[in-house]
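Enquirer: Dock chain B against chain A, hints included.
Residue-level listing of the chains:
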Amino acid sequence: MMNFLDFLANLFGGIFGNKKPIKLGFYGPPNTGKTTLANRICKDWTGEELGKVSKIPHETREVQAKEKVEIKFNNKKAIFKIIDTPGIATKIDYEDFLRYGLSVKEAKKRAREATKGVIEAIKWLDDMDAVIVVLDSTKNPYTQVNITIIGNLVARKIPVLIAANKIDLKGANVKKIEAAFPEFKVVGLSAKEGHNLEEFYASLFELIRKKKK
Amino acid sequence: MVKITLQFIPYGEIAHLSSYQRVKKILELVSENKILLIQGKLDPEEEADLIQETMKQISKKSKFKGIELASIVPKSKNLSFLQALKENIARALVGSDRDVFTIIGPATIVREIRKDPTKLELLLRK
Chain A
1 MMNFLDFLAN
11 LFGGIFGNKK
21 PIKLGFYGPP
31 NTGKTTLANR
41 ICKDWTGEEL
51 GKVSKIPHET
61 REVQAKEKVE
71 IKFNNKKAIF
81 KIIDTPGIAT
91 KIDYEDFLRY
101 GLSVKEAKKR
111 AREATKGVIE
121 AIKWLDDMDA
131 VIVVLDSTKN
141 PYTQVNITII
151 GNLVARKIPV
161 LIAANKIDLK
171 GANVKKIEAA
181 FPEFKVVGLS
191 AKEGHNLEEF
201 YASLFELIRK
211 KKK
Chain B
214 MVKITLQFIP
224 YGEIAHLSSY
234 QRVKKILELV
244 SENKILLIQG
254 KLDPEEEADL
264 IQETMKQISK
274 KSKFKGIELA
284 SIVPKSKNLS
294 FLQALKENIA
304 RALVGSDRDV
314 FTIIGPATIV
324 REIRKDPTKL
334 ELLLRK
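Going down the list, the sequences are from chains A and B.
One point on numbering: in this note's numbering, the residue at position 171 of the first sequence is 171, and numbering is uninterrupted.
Count along the second sequence starting at 1, add 213, and that's the number in this note's numbering.
Excised from the complex, chain A in its bound form (with noise of 0.2 Å):
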């Protein structure tokens, strides 16, 4: 429920021409390209990046967002704050990070800061107003946690935007993720080799026409 703050902000906010940001929330299971993809927009429109990205999973732990990012596209424009959010996961074991080259003591650390993120992620799902749900099209998107993820936002009726990454990659398969989720709008793209982002940002403005007022 907007608060007597929200409804100034909103208020004065309109009248002086500084609208709101939208919140547009980057949600996903681990190393999907989440940072990769919301770094490209980032970088894109302000010209610099948001975060660091890895090869090995949970590098982003902790929530990060770029505040007054303006997107212009074909004759619209909107400002967005870009919110990037912790891979989310039903399972963390430190053991998987040793085969990335990581001592002991940076895997146990690296893992017991992935949980806390895990769990901020979740808690940042009630403040956004529109969120991409990025998955790796190389992957089978039949998970619980894709499953949860979308749930959690229909249910908080949070527009949801599906991007397809990793489509540069061999084994990519976007029309299988259309089949699992065939009520969400999917666009297959590469956040790291910049292709289909013309169709992303058509999207993310049919998507934010959706958004909760």
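Hints were generated in silico from the structure; no laboratory data involved.
All values derive from a computational prediction rather than experimental measurement.
Keep in mind that a hint or two might mislead.
Unchecked claim - Lysine-lysine pairs mimicking DSBU-like chemistry, simulated, CA-CA at most 35 Å apart:
1. LYS185/A x LYS328/B
2. LYS216/B x LYS157/A
3. LYS175/A x LYS339/B
4. LYS123/A x LYS269/B
5. LYS139/A x LYS332/B
6. LYS210/A x LYS328/B
7. LYS339/B x LYS176/A
8. LYS276/B x LYS175/A
9. LYS339/B x LYS116/A
10. LYS81/A x LYS216/B
11. LYS116/A x LYS274/B
12. LYS116/A x LYS238/B
13. LYS105/A x LYS238/B
14. LYS276/B x LYS108/A
15. LYS247/B x LYS19/A
16. LYS276/B x LYS105/A
17. LYS139/A x LYS216/B
18. LYS52/A x LYS273/B
19. LYS139/A x LYS247/B
20. LYS68/A x LYS269/B
21. LYS68/A x LYS273/B
22. LYS339/B x LYS139/A
23. LYS109/A x LYS276/B
24. LYS170/A x LYS328/B
25. LYS339/B x LYS157/A
26. LYS139/A x LYS238/B
27. LYS269/B x LYS328/B
28. LYS116/A x LYS237/B
29. LYS339/B x LYS105/A
30. LYS238/B x LYS332/B
31. LYS237/B x LYS55/A
32. LYS108/A x LYS273/B
33. LYS185/A x LYS273/B
34. LYS269/B x LYS139/A
35. LYS116/A x LYS276/B
36. LYS216/B x LYS109/A
37. LYS175/A x LYS332/B
38. LYS211/A x LYS328/B
Expert: Same frame as chain A, now just chain B:
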């Protein structure tokens, strides 16, 4: 020889519990290295609570690595994601969500649950 306990939890055993109690009971049993076959399904918010509590347990217990879970909807239903979600919420409200099953196991035993629309496979650790 490796012994694995599969515990069936009928709907009536958890239906009367609050969300918090349900999540707590599930995690207690999974922490005892049991694979649970639950009649019914958690709603999305309960699933999110279960994930959050799981993360807290991983931080507290060094031998607990988390969970694997999946829900099975009878094939004859063949509902779309949104239809299934709406039906689950509606049926949870009237307390008749009994023909859906949920499998939850400790990640130290269940490496992966592979799910697609027609089958479900449990991959166990050696």
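Enquirer: Can you list which hints this structure breaks, lowest number first?
Expert: Checked against the structure, the hints that fail are numbers 2, 8, 10, 15, 21, 25 and 33, while the rest are satisfied.
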